[in-house]
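**Q** This is what each chain is made of:
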Amino acid sequence: MSDLAQYTPYHPRWYRRRMPVLWWLKDRAYVKFVLRELTSVFVAFFALTSLWQLRALAQGPDAYARFVARLKAPIFLAVDIVALGFVLFHTITWFNLTPTAMVVRVRGKRVPDMIVAGSNYVVWVLVSAAVAWILTRGVK
Amino acid sequence: MPPTVMLEVSRYRPEQDDKPVFQTYEVPFRDDWVVLDALNYIKDRLDGSLSFRWSCRMGVCGSCGMMVNGRPKLTCAAFLSDHLPGPIRVEPLNYFPIMRDLIVDITDFLEKLKKVKPWIVRDQVLPLEKGEYRQTPQQLDVYRQFSQCINCMLCYAACPVVGLEPGFVGPAAIALAQRYNLDSRDEGAKQRLKILSDHAGIWGCTFVGECTQVCPKHVDPAGAIQQYKLTGALDTLKSFLLPFGTR
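Residue numbers (this note's numbering), protein chains in the order written: chain A, 3 to 142; chain B, 182 to 428.
Don't read these hints as lab results, they were simulated from the structure.
Glycine included, every Cβ here is placed at the ideal spot set by N, Cα and C.
One or more hints might be untrue.
[To be verified] Simulated pairs of lysine-lysine, BS3-like, Cα-Cα distance not exceeding 27 Å: (1) B:K296 - B:K311; (2) B:K398 - A:K28; (3) B:K296 - A:K111; (4) B:K375 - B:K419; (5) B:K410 - B:K298; (6) B:K375 - B:K298; (7) B:K419 - B:K371; (8) A:K34 - B:K398; (9) B:K398 - B:K296; (10) B:K296 - B:K371; (11) A:K34 - B:K410; (12) B:K375 - B:K295; (13) B:K419 - B:K298; (14) B:K200 - B:K224; (15) A:K28 - B:K200; (16) B:K295 - B:K371; (17) B:K410 - A:K111; (18) B:K298 - B:K398.
[To be verified] Computed footprint of chain B on chain A, listed as stretches where at least three residues anywhere in the stretch have a Cβ under 8 Å from a Cβ of chain B: (19) 22 to 32; (20) 104 to 117.
Given the sequences, and given the hints that come with them, work out the whole structure.
**A** Below is the structure:
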């Protein structure tokens, strides 16, 4: 018997496992979850860039031209591409999770998951189309 | 088809082991055998000292949940043939303290379960002569899915929040609370709100979603928790807007 074991039938000795720091690497589902959580950083990055853009816009045409030039720097382009990938991952994973978080009932019957998730994509396409129309209106 | 399959079974004998160790057993492979059959073969023929819980062998009692190759499974429903060529690794459910071999201590889960009052709460119980509490099929349909829980705790073993934050009420208990909240005969939602809308309740959940994936009864605890987050948030907003309102 080990010296550490102080076990009697009336004094059980439980073994408590520790959670390893890299627990999320053990399973693909956990890796996906941690990546999804990480996407928030890139969503914040896009939001900050938009605020920066608004500030430049408010400061006049010169400031805006400088802002555009700065965004064209290779380092910004690289970060933007990575960020775009993460933001798309963010959007798609959360869209697909909506039916789990929201139960929509029409006349007492549950609306199929496909329709709840799909409506997000429909709105996404419509809003994108509207934005594209506004942006391209002046370009002829 | 192989004549035999190897099983790596986690052993923890508190009178001699400081920590769990793996012991390998060779059991005959049969097409219709599940991991639980193999464990029973070991217990009957190879090593009577191996300890594990089981009862119904048909996915109803919820006793035989273990980690099979790292995934929480009911061993009565985990076929050997799905885990070939082996060795098949069998461990006690994640995050629970191990008592012996494959047996974990579930006291903590039972305490949490009790806290959410998973029974029908009535402000006033109707006298017997009033008859039964009636319910339409639509009213039943609202909570039926959540009522299928068999307390097997696979969802706890799949949830990293349970491992990281031991106070977390956990998937099954919240799903069962929601099962009664959604029951048209129940009036206990207010009593459950305090425990559920706590940080250790629904807000502890980060929506990993694995609880729903591993549930053998398709209860969807992740859904129950997210749906309750909306209820909890609306309630907080209401109490903020109407501080003196009757809640």
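**Q** State for each hint whether it applies.
**A** Against the structure, the hints come out as follows:
1. B:K296 - B:K311: Violated - the C-alpha atoms of B:K311 and B:K296 are around 30 Å apart, more than 27 Å.
2. B:K398 - A:K28: holds (25 Å)
3. B:K296 - A:K111: Status violated; Cα separation ~32 Å.
4. B:K375 - B:K419: holds (15 Å)
5. B:K410 - B:K298: Since the Cα atoms of B:K410 and B:K298 sit roughly 18 Å apart, the hinted pair holds (cutoff 27 Å).
6. B:K375 - B:K298: Roughly 12 Å between the alpha carbons, so the hint for B:K375 and B:K298 holds.
7. B:K419 - B:K371: holds (13 Å)
8. A:K34 - B:K398: At roughly 24 Å apart (the allowed maximum being 27 Å), B:K398 and A:K34 satisfy the hint.
9. B:K398 - B:K296: holds (23 Å)
10. B:K296 - B:K371: Answer holds: B:K296 to B:K371 is near 13 Å, not above 27 Å.
11. A:K34 - B:K410: holds (22 Å)
12. B:K375 - B:K295: holds (14 Å)
13. B:K419 - B:K298: Within the cut-off at roughly 24 Å; holds.
14. B:K200 - B:K224: holds (21 Å)
15. A:K28 - B:K200: holds (21 Å)
16. B:K295 - B:K371: holds (16 Å)
17. B:K410 - A:K111: holds (22 Å)
18. B:K298 - B:K398: Status holds; Cα separation ~21 Å.
19. 22 to 32: That given contact holds, which follows from 6 residues of the stretch 22 to 32 of chain A lying within Cβ reach (below 8 Å) of chain B.
20. 104 to 117: holds (count 4)
Going through the hint list in order, the structure does not satisfy hints 1 and 3.
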